[in-house]
Amino acid sequence: MERKSFLKSLLLGAITTPALLTACNKDEDTITPSEGTTDSGTGTVTNPGSSSSSCTVAPTETEGPFPTKAPASYVRNDITNARSGYKMTANITIGNTNNSCAGLANAIVDIWHCDAEGNYSEYGGSGMQSTNYQSVHFLRGRQTTDANGLVSFTSIFPGWYNGRATHIHVHIYNASGKSLKVTQIAFPEGTGSAVALVNGYAKGMNGYTSNSRDNVFSDDSAGIELATVTGNTTDGFELAIKLNVAA
Amino acid sequence: MCYRKVIDSNSSKSWDKLVFEDSYTEFKMQSQLYNQDKKFRNFAELLQHVPGAEKLHFLVSAAVIGYLQQLNEIVPDILNNLGKHFLRFNKYQFEIINSDLQDKTKHQVAFNFYSEPLVWHDTIQNYLLVSEKKTGEGEVLTNLFQLQPYLNIYSLQTEA
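The listed protein sequences derive, respectively, from chains A and V. Following my numbering, the numbering of the first sequence begins with 1 at its first residue and continues without gaps. Following my numbering, the numbering of the second sequence begins with 1 at its first residue and continues without gaps.
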């Protein structure tokens, strides 16, 4: 019994000692405003910061994990996000018309296109997104051109939707993010083309809008927006195009 | 529960600052798609005049998803009465409140964090006593937290 209470008082001692220590520290920490220190400049605080006005306890947790700089989730080669469809590699070369169309290095290239059913990634009705973060921006990607002006994406062959021919959207920026060109890539069509092979996936080709009737591509008689598409439904398709911009 | 975290040029925490910087950069990039004649300078004008400009909420969100992941599904700022983060989220929504291509200080964005459903046990003054849904018997761990600005009860459901 006696030993027990002795231990108890020891424990109590162990608990109270730090408390005393903090009490001492508090005294030392007290800031005493000193006089005559107003000669370090004048002016009004312009950035007072913002503190929470709510009456809750302050955070008392270990700091961290520390945030680190993270690139936009667009920055990736493979933009498939488990969307099903025939594999397609898109090789896009950006040329500079102000330099005899030589490859433009360090240009930022965004592409986006619809899935096999003809749908784009976007916010749903409620606007809520699940924390399955990556799949949210499916079939959208960003790459920076190499020394030859080339970017490469792995994706699926796009489906189609009412009123439009098969296409890929492209937005080209210079290295500092200034828009140089917003355009679209058209696909060859007709017998033996990739569009004919894919045959509109489950949807078929009934009601498909051909390039010549498409409101974006119909004026492109020179085929500037038309890509070269090779490959097959087993191994996938390869798309290649050169887009020239004034940079 | 839904917590709406507003981030603007006055935000001082490093996570908030990274979100502010990167969302503004992305806004400047993506908005050019809807502003090819450079007629508009702020987000409100784009929304009002350009069809589809509301997609910018979604398009810009890709710039901050990396930061969301760094939260490990724990709602920031909201603390229980012990001063600890306790609220987990599995859904979110990112929104641009305002932005201006010429004036960065006008840029303001928000995250809405939607938590898993919680079981409400009691209200003690302006504190709520809640616990996570638990299957099985035994002790239930609870959290006591205060109702505060930008925190909302998103929806209610009655246990069957």
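It is worth saying that the hints were derived from the structure and are not from the lab. There could be a bad hint or two in this list.
If the Cβ cut is set under 7 Å, some of the chain A residues that face chain V in the computed set are [said to hold, decoys possible]: (1) Thr-97; (2) Tyr-133; (3) His-137; (4) Phe-138.
Output of the computed footprint for chain A on chain V, the stretches with three or more beta carbons under 8 Å from beta carbons of chain A [said to hold, decoys possible]: (5) 30-38; (6) 44-52; (7) 66-79; (8) 102-109.
We put the beta carbon where it would ideally sit given N, CA and C, even for glycine.
The hints, checked one at a time:
1. Interface restraint check: Thr-97 (chain A) against chain V, minimum CB-CB distance 18 Å, threshold 7 Å, status violated.
2. Below 7 Å, beta-carbon pairs count as interface contacts, and Tyr-133 (chain A) has one with chain V at about 5 Å; its hint therefore holds.
3. Interface restraint check: His-137 (chain A) against chain V, minimum CB-CB distance 5 Å, threshold 7 Å, status holds.
4. The beta carbon of Phe-138 (chain A) is not positioned within 7 Å of any beta carbon in chain V (closest approach about 11 Å), and the interface hint is therefore violated.
5. With 3 residues carrying a beta carbon less than 8 Å from a beta carbon of chain A, the stretch 30-38 of chain V meets the three-residue requirement, and the given coverage holds.
6. For the stretch 44-52 of chain V, the stated coverage by chain A is not satisfied: 0 residues place a CB nearer than 8 Å to a CB of that chain, which falls below the threshold of 3.
7. Beta-carbon proximity to chain A at under 8 Å applies to 9 residues in the stretch 66-79 of chain V; the threshold of 3 is reached and the given coverage holds.
8. A count of 0 residues in the stretch 102-109 of chain V with a Cβ less than 8 Å from any Cβ of chain A is obtained; the coverage claim is therefore unmet, three being the minimum.
Violated hints, listed in ascending order, are 1, 4, 6, 8; each of the other numbered hints is respected by the structure.
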